[in-house]
Each structure stands twice: as structure tokens, then as C-alpha cells.
Amino acid sequence: MAVANKVNEAVQRTLDSLVADGREIGVQVAAWVGEEQVVDCWAGIADPDTGRPVDGDTLFNVYSVSKAVTATALHIQVERGLVDYDAPVAAYWPEFAQAGKGDVTVRHVLGHVSGVLRMPSDVTPELMTNWDWMCGRIAEMPGAYPAGSRSSYQSMTFGWLVGEVVRRTDPRRRPFGQFVREEIAEPLGATDLWFGIPAEVEPRIARLDAVAVYVMPDGNAMREAQPLVVDLMPDPFERPYVRRACIPAVGGIFNARSEARFWAMLANGGQLGGVRLLSEERVASFAGPRPHFDDADPVFFGMKVPIGWAGFWLGGAEAPPVSSPRSMRALCHPGMGGSIGWADPDRKLAVAFCHNRMFDTIEIDQDSRTLIGDVIRAAL
1 MAVANKVNEA VQRTLDSLVA DGREIGVQVA AWVGEEQVVD CWAGIADPDT GRPVDGDTLF
61 NVYSVSKAVT ATALHIQVER GLVDYDAPVA AYWPEFAQAG KGDVTVRHVL GHVSGVLRMP
121 SDVTPELMTN WDWMCGRIAE MPGAYPAGSR SSYQSMTFGW LVGEVVRRTD PRRRPFGQFV
181 REEIAEPLGA TDLWFGIPAE VEPRIARLDA VAVYVMPDGN AMREAQPLVV DLMPDPFERP
241 YVRRACIPAV GGIFNARSEA RFWAMLANGG QLGGVRLLSE ERVASFAGPR PHFDDADPVF
301 FGMKVPIGWA GFWLGGAEAP PVSSPRSMRA LCHPGMGGSI GWADPDRKLA VAFCHNRMFD
361 TIEIDQDSRT LIGDVIRAAL
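In the UniProt record's numbering, the protein residues as written are 1 to 380.
Just to be clear, a hint being listed does not mean it is correct.
Here are the in silico distance ranges between beta carbons for each label pair [claimed, not checked]:
#	residue 1	residue 2	range
1	R329	D365	23 to 33 Å
2	G51	E281	47 to 57 Å
3	D16	E318	21 to 31 Å
4	Q178	V229	21 to 31 Å
5	A199	A87	37 to 47 Å
6	A20	S149	18 to 28 Å
It is worth saying that the hints were derived from the structure and are not from the lab.
Backbone N, C-alpha and C define an ideal beta-carbon position, used for all residues, glycine too.
Please build the complete structure, drawing on both the sequences and the hints.
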């Protein structure tokens, strides 16, 4: 769509400047206020090898931004009376009770306090794309910590933990990617929210650049949660068979236009354009903190991770990436390398930021995400 207003113009100037300065390679931003899209901008290069430019339809790997959509699928099942937050995961997935995990609840999983953070030690990129193998191995493995005892970010396992509960409670037993298409993406008109891409959209995907990303060493909790062989890097996530698989925690391939529609649904209390996915009361509850909210998280090298009980990060802290929304009531989720989306219910503002120059968290005054958020708010 063509958006012409002072907000869009201000964001476009900012994106052009970020690309010209070398702070971004290819980037998209889309934003909504209430029921109106106010930003639809892009700049830069999608594929530096060929010179292919970014346009409004370009798709990006957004990594953990995927978790927000995945969590929403589970909340839909709760809304329908098919899942209870406080029920054991094993009530819906009996095999999961193995190895002492019978007391892990759905709420533990959503809040990243389940202790089930480790990826299988024998995982490979090929096996990661096999849904049944991943769920079987996760079901067999013990947790790293007792359920509910501490913050332990489920970097990759979150997707199968949540996705398998959704799949098993779906009366049609649809694959998780199909559930998201039919219950979230298509109703919202967010047709470029992909968990497993079809071959025909692959030419639209931007190539990632990870030169500015610090590669973490082995031998820490992050490496248990995110093994080097399946690290969140261009390889393996640019391999065609990985792109075509459903990897719900970190495998989403979105564009900003579609992602912003998803966040606009949350900013508007669970509905957009007359399509309601969640009740207003339920969405309002998502801004509550989880247990161990202020604890150090071993997967994040002992840093605090501002995650709410419902699977979303909470905005407003004075550090990237959660500085971007500037509101403690905002729901957001960042992804490896810098993509982010958020919903601010106070302003009914939703923003999606997708890009291909992956970077680690940087100082707030150098952070593209925070700058874009400030530009949008100033122009409204």
C-alpha cells in the first residue's frame, strides 16, 4: 500500500540516512495507530551479492520475534477453552512427563521458567527441521532446573513446547505452521507471516549479514539452549530446507507489513479490522510480570530478561531492545540480530522493524530500533 503522511515521510528519511551511514543494509518499518496504517517504508539492499533492493514485499528472518506469534497461537487455544494455563503440559502431551517433567505447566513454558531449555545434544540442522523428532527428544529429556525455580530462557525449545500443545489441542490436529496461517495470518490479512515458506516466496527473502554479531563460545547455558550447530546465524537458517520447515521459536520469516498487522491486533486489544483473535481482557493481562522477573538468566549470561508471564517481553527499560517501545505496558519481542516488533496499548501504536544487518545489543543512542520508535512518536 502507499502511505503518504508526515509520519511515513519522517521514517523514510531516517531509514535512508541509516542506510547511507552504513548502520543498516536493508530495512523495513511498518506501523499502525489504531485501525490505520501510518508507516510503510523500506530502504537499502536485500542481497548485497546481486544488488537486489529491498521493497515492501521483501521477507526477513526475524528469529525470536517469531515467539510472539507462537505464544499468541497458544492464547487462542486458551480463549477457546482447549488449554488451561495452569495445567501440566503433559495433560495435553503425555509423553512430555518423562524424566521428571510432569509438573511443568503451560504457564511455566510461556514465562520461560520451565527449566526445559536444552536442545538435544545430537541435534543437527536436518533433525531440527523434523517436528516429530524434535518433540520426541524434548519429551525424553530432563529439565535443566526444577519447573518454576528460576528464569531460564527457552531460546529454541519454546517453539516446540508451545507448538506441540497447540497441535495436540487443535481438533483438526493441523501442523503448527498451518494453524498460524489459518488462525492468525489469514484472518488479519497478514499473509507474509511464514513458519515454513513455500518455494515460490524464497526469491523475496533478504540475505543476512552477521559480521557485527558476536559468536558465543561453547560451555555456557546459552550454548545448551542454542547449540553452535544450529546457531541463529545465516548458516544454517538460510539453507532452503531450514527455511521451509516450521521452527516456531526462531524460524519465522516475515515482512514488516504483515508483522505490523499482528502487533496492531494486540495494540487494539485483540482485534483488527473487525477480526477478533483474543479478548481485550486477556490481552491487557499479558503485560503482567512472570515469576523471577528480576532474576539473572543463565542463558542470557546472567542478565535480567524482561519477560512477562504470557510469553512477550515488556517494554520501557532504558536499554535496547526494550527501550524501543518506551512504555512498561507495551508488549514486544526482539529477535537475534536486531529485528523487533511491539504493541503499545496506551497509544494503540504497533511497530515492526525488519532488517538484514544483524547486530548485538548496542548503546541506546546508536540503536536503530530506538531511533525509529522515537521518530514515529515525535511525528504523530
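Do the hints match the structure? See the list:
1. Take R329 and D365: their Cβ atoms lie about 24 Å apart, and the range 23 to 33 Å holds.
2. For G51 paired with E281, a C-beta distance near 50 Å keeps the hint of 47 to 57 Å intact.
3. Between D16 and E318 the beta carbon distance is about 28 Å. The supplied range of 21 to 31 Å therefore holds.
4. Evaluation of the 21 to 31 Å hint for Q178 and V229 yields a pass: the beta carbon distance comes to about 28 Å.
5. Checking the proposed 37 to 47 Å range against A199 and A87 shows it holds: the Cβ atoms sit about 38 Å from each other.
6. At about 49 Å, the beta-carbon gap between A20 and S149 misses the expected band of 18 to 28 Å.
Hint violations for this structure: number 6 only, all remaining hints satisfied.
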